[in-house]
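K.L.:
Chains W and H, in that order, are what the protein sequence lines are.
Per my numbering, the very first residue in the first sequence carries number 6; after that it's consecutive.
Per my numbering, the very first residue in the second sequence carries number 2; after that it's consecutive.
Among these hints, one or two may not hold up.
[Unchecked claim] Below, in silico cross-link-like pairs of lysine-lysine (DSSO-like), each with a Cα-Cα straight-line distance of 27 Å or less:
no.: 1; chain 1: H; residue 1: K126; chain 2: W; residue 2: K470
no.: 2; chain 1: W; residue 1: K676; chain 2: W; residue 2: K611
no.: 3; chain 1: H; residue 1: K126; chain 2: W; residue 2: K383
no.: 4; chain 1: W; residue 1: K383; chain 2: H; residue 2: K93
no.: 5; chain 1: W; residue 1: K477; chain 2: H; residue 2: K126
no.: 6; chain 1: W; residue 1: K324; chain 2: H; residue 2: K142
no.: 7; chain 1: W; residue 1: K477; chain 2: H; residue 2: K33
no.: 8; chain 1: W; residue 1: K171; chain 2: W; residue 2: K659
no.: 9; chain 1: W; residue 1: K118; chain 2: W; residue 2: K307
no.: 10; chain 1: H; residue 1: K142; chain 2: W; residue 2: K470
no.: 11; chain 1: H; residue 1: K33; chain 2: W; residue 2: K481
no.: 12; chain 1: W; residue 1: K287; chain 2: H; residue 2: K142
no.: 13; chain 1: H; residue 1: K142; chain 2: W; residue 2: K352
no.: 14; chain 1: W; residue 1: K481; chain 2: H; residue 2: K126
no.: 15; chain 1: H; residue 1: K126; chain 2: W; residue 2: K381
no.: 16; chain 1: W; residue 1: K352; chain 2: H; residue 2: K126
[As the list claims (entries may be wrong)] Partial list, derived from the structure: chain W residues whose beta carbon lies under 8 Å from chain H:
no.: 17; residue: G252
no.: 18; residue: L332
no.: 19; residue: N341
no.: 20; residue: R550
no.: 21; residue: Q553
[Claimed, not checked] The calculated label-pair distances, taken between Cβ atoms and stated as ranges, are:
no.: 22; chain 1: W; residue 1: N564; chain 2: H; residue 2: V65; range: 33 to 41 Å
no.: 23; chain 1: W; residue 1: R750; chain 2: H; residue 2: R137; range: 20 to 28 Å
no.: 24; chain 1: H; residue 1: A144; chain 2: W; residue 2: G479; range: 22 to 30 Å
no.: 25; chain 1: H; residue 1: D143; chain 2: W; residue 2: L487; range: 20 to 28 Å
no.: 26; chain 1: W; residue 1: D492; chain 2: H; residue 2: E121; range: 21 to 29 Å
no.: 27; chain 1: W; residue 1: G149; chain 2: H; residue 2: R137; range: 52 to 60 Å
no.: 28; chain 1: W; residue 1: G353; chain 2: H; residue 2: A144; range: 14 to 22 Å
no.: 29; chain 1: H; residue 1: D136; chain 2: W; residue 2: K118; range: 46 to 54 Å
no.: 30; chain 1: W; residue 1: K118; chain 2: H; residue 2: A144; range: 31 to 39 Å
no.: 31; chain 1: H; residue 1: S113; chain 2: W; residue 2: R750; range: 21 to 29 Å
no.: 32; chain 1: W; residue 1: D492; chain 2: H; residue 2: V65; range: 31 to 39 Å
no.: 33; chain 1: W; residue 1: T137; chain 2: H; residue 2: R137; range: 28 to 36 Å
no.: 34; chain 1: W; residue 1: N564; chain 2: H; residue 2: R137; range: 35 to 43 Å
Just so you know, these hints were derived from the structure itself, not from any lab.
Computed from a predicted model, the values in this text were never measured in an experiment.
Cβ atoms here follow ideal geometry from the backbone N, Cα and C, with glycine treated the same way.
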Amino acid sequence: MASLAATFGRGAMTNGWTDVVNADVILVMGGNPAENHPVGFRFVMEARRRRKAKLVSIDPRFNRTAAVSDCYVPMRAGTDIAFLGGLIHYALENKLYHADYIKLHTNASFLVKEGFGFENGHFSGWNAEKKTYDRSTWQYESDGQGFAKVDPTLEHPRCVFQLMRKHYERYTPEAVANIAGCSAGEFNRAAAIICSTGRPDKSGTILYALGWTQHSHAVQLIHTAAMLQLLLGNVGVPGGGVNAQRGHANIKGSTDMGSWNNLPGYLRLPRANHTSLDEFLKANTPKPLRPNSMNYWSNTPKFMTSLLKAYYGRHAARKNGFGYHNLPKIGESDNNSWGFFFDRMHKGSIEGFLSFGMNPVANGPNTPKMLDALSKLKWMIVVENFETETAAFWNAKKLGEKYYSSFIDPAGIQTEVFLLPAACFAEKDGAFVNSSRWLQWKSAAVPPPGEAKPDQEIIARLFLKVRELYEKEGGKAPQPLLQMSWDYANPLSPSLEEVAREVNGRDLAGKQLNGFGELKDDGSTACGNWIYCGSWPEAGNMMARRGQEDPTGLGLFPNYAWSWPANRRILYNRAASDAGGKGWDPQRTSIRWDGVRWTGDTPDYKADAKPSDFGAFIMLPEGVAKLFAADLLEGPFPEHYEPAESPVPNPLHKEVSSNPLASVFQGALDKLGSAKDYPYVAITYRLTEHFHYWTKHMHASGELQSNFFVEVPEELAREKGIKGGDFVRVTSARGSVEGPALVTRRIRPLKVEGKTIYQIGIPIHWGFVGRVRGPLVNNLTPSVYDPNSGTPEYKGFLVNLEKV
Amino acid sequence: MGDSVSRRSFLLTTTALGFDLKPAIAAARELKISRTTQTHSVCPYCAVGCSVVIHTLGDKARNVQPSVVHIEGDPDSPINRGTLCSKGISLKEFVVNERRLTRPLYRAPGSSAWTRISWEEALDKMARRIKDTRDRGFEEKDAQGRTVNRLPNLALIGGCTDTNEINYLISKFRFGLGIAAYENQARL
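Only chain W is shown next, with the shape it has when bound in the complex (with noise of 0.2 Å):
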C-alpha cells in the first residue's frame, strides 16, 4: 500500500474484483486467488471464457491458479523485483510500451538532477557509516518557479525514461533467469503474453496479495510492477491496475482509519517538530511540481481540521489550534511499526498492551520472541469470539510442547490477562470494506452469546471508566482524555449507525455532508475520515445499498453499496483517456469526455474540467504517475535485493546482497542463518480449507484439512530418504515445526548461478489452541521487515529439513 500511495497516490486497490473481467491478460503473482481468493478468482475464470482472456501465474509452486493458467513459470522466492525488472527491460528493448500514455500520464518526461545514479548495489548518496542514503540527488531538476523541468521527446539523457531504460539494461532475459531460477525460455514467453497489452486496445491486470508484500523489499517489489502497468498504459483502464488481494475483511477499512503513522484518512500523525497545527500543516500539505497538477492534497487543512473538530467537538477551536496539542507526537526518527514496538516490548519497555481481535503469538514472525515479550508485560487485554494463543501465551510451554521447551512455566510468568468475550461479525452491524475499496454495510442477525459484548461496548466502557478516575483522582495530563469527544445517545455502547455518521461528517447546523469537497478549515465541518466523507449524507447511508444496475456494462455496479473516495469504482479512470480526452480503448473507458462534462464511473478528475486542465493522478504533486519514486527509501528506481537469508549473493553485486536499509533485529532472539546451516528457501502461506488462525476450531475446516503438513519437493525427498507421510523436522535460525511430509512434484528444484536450490512449502494455519493443533509456522520466521512498510519477510527464508 505503500508502494501504490507513492505511484499513484493512494494506498489502495486500483480497480476491483468485478472489474478483472474486462481484462485480456491477468497476470497473478505473489497471490493464489483460486486457492485464497476463491470467490473473486471467478472474474478471472469469466474473463478467459468472455474474452479469451490469458492468464500467467508466476510463483514458487505450482499451485491452483497455476493449473489452470495459460503459462506457468516457476520462481525463486524473493526474485519478482528481478523478474518485473526484467519484463521492464523486455517491454522497452521490443518497444512494447503504450508511448502516447507514459508521455502524458507518468514522469517519465521529467529531468533528474545531476549526480544520480547506482553503482555496486547503491543509488547515489550513500552513506556507508550511517547506513543511510542523502536523496539530494534524486529530485526532479527545477526550472527556477519550483516546478521540475521535462523533456517530452525523452530523449535528455537524465530525463526519468532513459534513466530507467539504463538502470534495467542489466535485467536480461539470461540474467533474470540466473536469479529467478526459470529459464530464460520460460521467462520470454511469459513476457510476451505480459507485454502484449501495451498496446491501446488491450488491458492487462495483475493481481497480488502477501506473495509480494511479505519481503523485506516489498514496496520496491510493488512499485516494480506499478512501473510497468505504467509502462504498457494499463492504469486507470478497466481490467487493469494494479489490484491487491487483501486477505482480510475490514483489512482496508482499519488501514483506511489509520494505523502506526497515521490519522483518520491517511494523514500523517504529527512528529515532534510539528509543535503546532500550522506547523504541521506546512510540513504536509504538498506543494504542486508542475503547473498542471491539482495536487489534490493541498486540502490538507480542510481534512484535517474537520478531523480535529470531530475528535474534540466544543473543545476545538482556531485560537487553540483546534485541539491539536491533545495528538500524540512522536519523535521524529520514532518506529512504531509491528517489529519496532515488539521489540520494545521484548525489551521491557511496555507494561501494557491491548489485542482487539489480533493474534501476535500466531501472526507475528520468530514466536519465540513474541512469547518472550508478551511474558515482559505487567498486563494485557485480549478481546476475542474465540482462545487464542495470544490470550494463552503464558502456557505456551504446556500446549506448544517441544516448540517452547525454553520458555518458562506459568508460574515464572506475571503478566496478568483479561480474556474478554466479544460479539462476532453476525452479532454487529456496521461496514466493511473490501478489496475493492467497497464499504458494505452489514446487519446484525442475533445477540451475541453469553456475557460476550459488543466492541464498541467494550471499548466505550473501558474508555469512560479510565476516563472516570482521571475526573475523580485526577493524574498525568488528563486534558487529550476528557476532552475527546464521545457525544453518543448511549455513550456506553454507541450505535453504529451514529458513529458512521460521525465518521461521514456534518456541518454546524448537524447537517451530514454530501463529500469531502464541502469540508472547510475554519471549524465549520467536522468529519472523521474525509475519504469516507459522502458515505453517508443526508439521503441516509449509501454503504447499504443494493442497486443492480450496471449502466456501462463495465462491472462498475455503481449503485451496490458505496465505494471510497466519492463513489468512484476505478481509480484514476482519467488516465483511460488520451490528450483529446478520448479512450485509448474507445469501448473501455469507465468515463467519457462529452465536450462539456465527464460521464460514466465518478471521474477522479473534477467533473467539468478540459481534459487538458490537469494531470490524471490528482493526488501527486507531479501530476502524473511515478515511474521515478524518490519517496521509498531504498532508491527511486526498484532494485533486486537477496532476502535477508539468502541461498545465494545477490547475482547482481555481491556485496550488497540483501536490502542495505531493510529492518534488522540483532537481539539473542533474532538470529539470522546462513546458506550453510539452513540450505532451503522456504515459504508459508495459506490453504483454501482454513482461513489464518480462525477456522480450527471449526469443525468442516478441521476435518477438510485436520493435519499440518511439510511440502518437501519429490528429489530434495529423495535425497533425504523422505517418503510421503515421513515425519519430517523444518528448522530454521529462531525455531521448529514438525509435521508429515507431502512429497510434491509442484516445487520444482532451480538452478541458481549454477546450484540447485530447493524451496519447502509450509502452510499457516496451525497453532497450539483450537480444535485441530499443529506447530506454529512462525517459529520459523525472521525478525526482518520491509523499511517502508514494516511488513515482515515470511517468503523466502533459509531453514534445514531432516527426517524424524
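Assemble chain H onto chain W, guided by the hints.
P.N.:
Below, chain H alone, put in the same frame as chain W:
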C-alpha cells in the same frame, strides 16, 4: 463418470424404488429456512467481500433468543452472486460454536489457569491498570521541551476483523490516551 450413476443422482432422478423422493427432499429443504428471518451481512474472512444472508429462527416470540440456523451466499451481490467458498459456506459454525467465549476470563500473575471474572470487576481492574500505566509513562514534553503528549509504554493492536465504526472508536480511544504504538493486520 461415463454411464455410471452416483447415489445422489440416482435418488434425485429415479423412481426405481417404487415411489418418488422429490417431494420428500423438497419438504426437508423447505423446513430448514421457510420460517426464518433473513438478515444481510458480509463474510468476515478474506477481503473479497462476499455478501451473506443469515437465517435466524425464534426471533418473533417474546423472551426468545433468535438463533442462526443457516448462512448462505447473497444472490443480489454482484461480487459473489450467491456463491461462497468452502469457508464461507460453513460460516454458521463461526457464530454457533461451543468454543465461543461467553464469559470474561482472568489469568492472575503466575497462575496456570483461567478463572472467571465478572464484567464489573474486570472493567474496574482494567481501567485501573490503564490509568496506572499511563500515569507512569505519559510524556507531556520531550527532551527538547516540545509538547508531545504521548504514551510510549502501552501498545494497541487490532481492527482488521471489525467494522470501520469500531476502528474509528478505537482511534478515539488511542488518541484520548495518547498511545503511540498502534498496529493492525495490514502490517502483516
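K.L.:
Compare the structure with each hint and give your call.
P.N.:
Do the hints match the structure? See the list:
| no. | hint | verdict |
| --- | --- | --- |
| 1 | K126(H) x K470(W) | holds (10 Å) |
| 2 | K676(W) x K611(W) | violated (53 Å) |
| 3 | K126(H) x K383(W) | holds (13 Å) |
| 4 | K383(W) x K93(H) | violated (37 Å) |
| 5 | K477(W) x K126(H) | holds (16 Å) |
| 6 | K324(W) x K142(H) | holds (21 Å) |
| 7 | K477(W) x K33(H) | violated (55 Å) |
| 8 | K171(W) x K659(W) | holds (20 Å) |
| 9 | K118(W) x K307(W) | violated (34 Å) |
| 10 | K142(H) x K470(W) | holds (26 Å) |
| 11 | K33(H) x K481(W) | violated (58 Å) |
| 12 | K287(W) x K142(H) | holds (22 Å) |
| 13 | K142(H) x K352(W) | holds (23 Å) |
| 14 | K481(W) x K126(H) | holds (19 Å) |
| 15 | K126(H) x K381(W) | holds (19 Å) |
| 16 | K352(W) x K126(H) | holds (25 Å) |
| 17 | G252 | holds (6 Å) |
| 18 | L332 | holds (6 Å) |
| 19 | N341 | holds (4 Å) |
| 20 | R550 | violated (11 Å) |
| 21 | Q553 | holds (7 Å) |
| 22 | N564(W) x V65(H): 33 to 41 Å | holds (37 Å) |
| 23 | R750(W) x R137(H): 20 to 28 Å | violated (58 Å) |
| 24 | A144(H) x G479(W): 22 to 30 Å | holds (25 Å) |
| 25 | D143(H) x L487(W): 20 to 28 Å | holds (22 Å) |
| 26 | D492(W) x E121(H): 21 to 29 Å | holds (25 Å) |
| 27 | G149(W) x R137(H): 52 to 60 Å | holds (54 Å) |
| 28 | G353(W) x A144(H): 14 to 22 Å | holds (21 Å) |
| 29 | D136(H) x K118(W): 46 to 54 Å | holds (51 Å) |
| 30 | K118(W) x A144(H): 31 to 39 Å | holds (35 Å) |
| 31 | S113(H) x R750(W): 21 to 29 Å | violated (46 Å) |
| 32 | D492(W) x V65(H): 31 to 39 Å | holds (35 Å) |
| 33 | T137(W) x R137(H): 28 to 36 Å | holds (34 Å) |
| 34 | N564(W) x R137(H): 35 to 43 Å | violated (53 Å) |
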